[in-house]
Amino acid sequence: MNKFLTIILTVLSFNVFAAIDIYQFKDAEKQHRFQTLVAELRCPKCQNQNLADSNSEIATDLRMKVYQMLEKDQSDDVIIDYMLERYGEFVLYKPRVSGQTLILWYGPILLLLIGLIIIGLILYNRLKKTSTDKYKINLDQQQQQTLATLLNTNNEKK
Amino acid sequence: MKRGLLFIPLGLFIVLGAFLWKGLSIDPTKLPSALLGKPFPNFKVETLKDANKIATNTDLIGQPVLINVWATWCPSCRQEHVQLLKIAQKNKIPLIGLNYKDNRQTALNWLEQLGDPYQFNIYDENGMLGLDLGVYGAPETYLLDKNGIIKHRHVGVVTEEVWQKLKGMINE
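Residue numbers (my numbering), protein chains in the order written: chain A, 25 to 182; chain B, 9 to 180.
This is chain A alone, in the form it adopts within the complex (with noise of 0.2 Å):
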């Protein structure tokens, strides 16, 4: 039964090594960009992955690609660009700041200003309630007299 499992697991590892293809870097800081870059262009075949995690043929090319250009001493800006030239903003999965992806940068803090906002009236109102008349007891100079002198009888009986 051992001897089985050890085959089959031998046999289905062959799929995980198929994946992987090895690029030799000459330096760590190139070898840091090329994974910041893979994970954040996206794979323009498969939607939802980037080039790091997909297997489609466009993707291990693109990879190729950035290696390629990485290895030219090309800048990560001109490496966005010419993925952005071929392939439009859909690569980039941290979009551009521009006209069109304002909201995505800024709608989140805007919102978060909006709550902020609401909040703060709301907190306004209720405080400006508490110190309204309705709560406010008026006592003429008789009747604090009288206050005083129960809460000092009070006091004294302990």
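By construction, these hints were calculated from the structure, which means they are not laboratory data. All residues carry an ideal CB built from backbone N, CA and C; glycine is no exception. Among the hints, erroneous ones may be present.
Stated by the list, open to error - Straight-line Cα separation of at most 20 Å, EDC-like style, residue types lysine to aspartate or glutamate; simulated pairs:
(1) 54/A / 85/A
(2) 69/A / 35/B
(3) 109/B / 113/A
(4) 46/B / 153/B
(5) 89/A / 35/B
(6) 46/B / 113/A
(7) 109/B / 124/B
Stated by the list, open to error - Derived coverage of chain A by chain B (criterion: at least 3 residues anywhere in the stretch with Cβ under 8 Å from a Cβ of chain B; other residues may be distant):
(8) 98-111
(9) 122-131
With chain A held as given, fit chain B onto it using these hints.
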């Protein structure tokens, strides 16, 4: 004033509903070409039939052409082949093939067996022209005007319906 506020959720629901409704009719697999309105990328690539013959941009200029990206490993390409043959018969517009990441001999066999609708084929063995063109999967079909400017991109099988649409664009 207070009663008016009660309609806010309804308003939000309608706005959200409108967006979701629109989303239903959008096909997320169809990407607009980044090259629409731009010239076909520069290339110097050998032709499929004759490795000594080099095709360049000048071969695409002078009249509107259809560029069809295909490969023998692509099942949908086989599916659209019949329609391509029909288009070629009508002789309305030259059909130029871009044989994408394929094997030369297999591709030649394919054309011999199924018929050859193409005026000529660009043999893009390593897919570099495809990359410049923004191809992300065969089949794709591009309509170029007489100056070599990309007017339209169709991703997927060219059906009779698609051809009618393309024909309308050629006549414009």
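Would the hint linking residue 46/B and residue 153/B be met if the CA-CA limit is 20 Å? The given pair, whose Cα atoms are some 11 Å apart, holds under the 20 Å limit.
Measure nothing beyond the straight line between the CA atoms of residue 46/B and residue 113/A; if it is 20 Å or shorter, mark the hint as holding. Within the cut-off at roughly 16 Å; holds.
Would the hint linking residue 109/B and residue 124/B be met if the CA-CA limit is 20 Å? 18 Å, holds
Would you check chain B against the stretch 98-111 of chain A, counting CB to CB pairs closer than 8 Å, and say if three or more residues qualify? Contact hint for the stretch 98-111 of chain A vs chain B: holds, 4 residues under 8 Å.
Verdict on chain B covering the stretch 122-131 of chain A, where coverage means 3 or more residues with a C-beta closer than 8 Å: Answer violated; 0 residues pass the 8 Å Cβ test.
Residue 54/A paired with residue 85/A [C-alpha distance capped at 20 Å]: 18 Å, holds
For residue 89/A and residue 35/B, compute the direct alpha-carbon distance and say whether it is at most 20 Å. 28 Å, violated
Please work out if residue 69/A and residue 35/B have their alpha carbons no farther apart than 20 Å. Roughly 13 Å separates the two Cα atoms, so the pair holds.
Compare the distance between the alpha carbons of residue 109/B and residue 113/A with 20 Å, and conclude whether the hinted pair is satisfied. Outside the cut-off at roughly 25 Å; violated.
In summary, the numbered hints that this structure violates are 3, 5 and 9.
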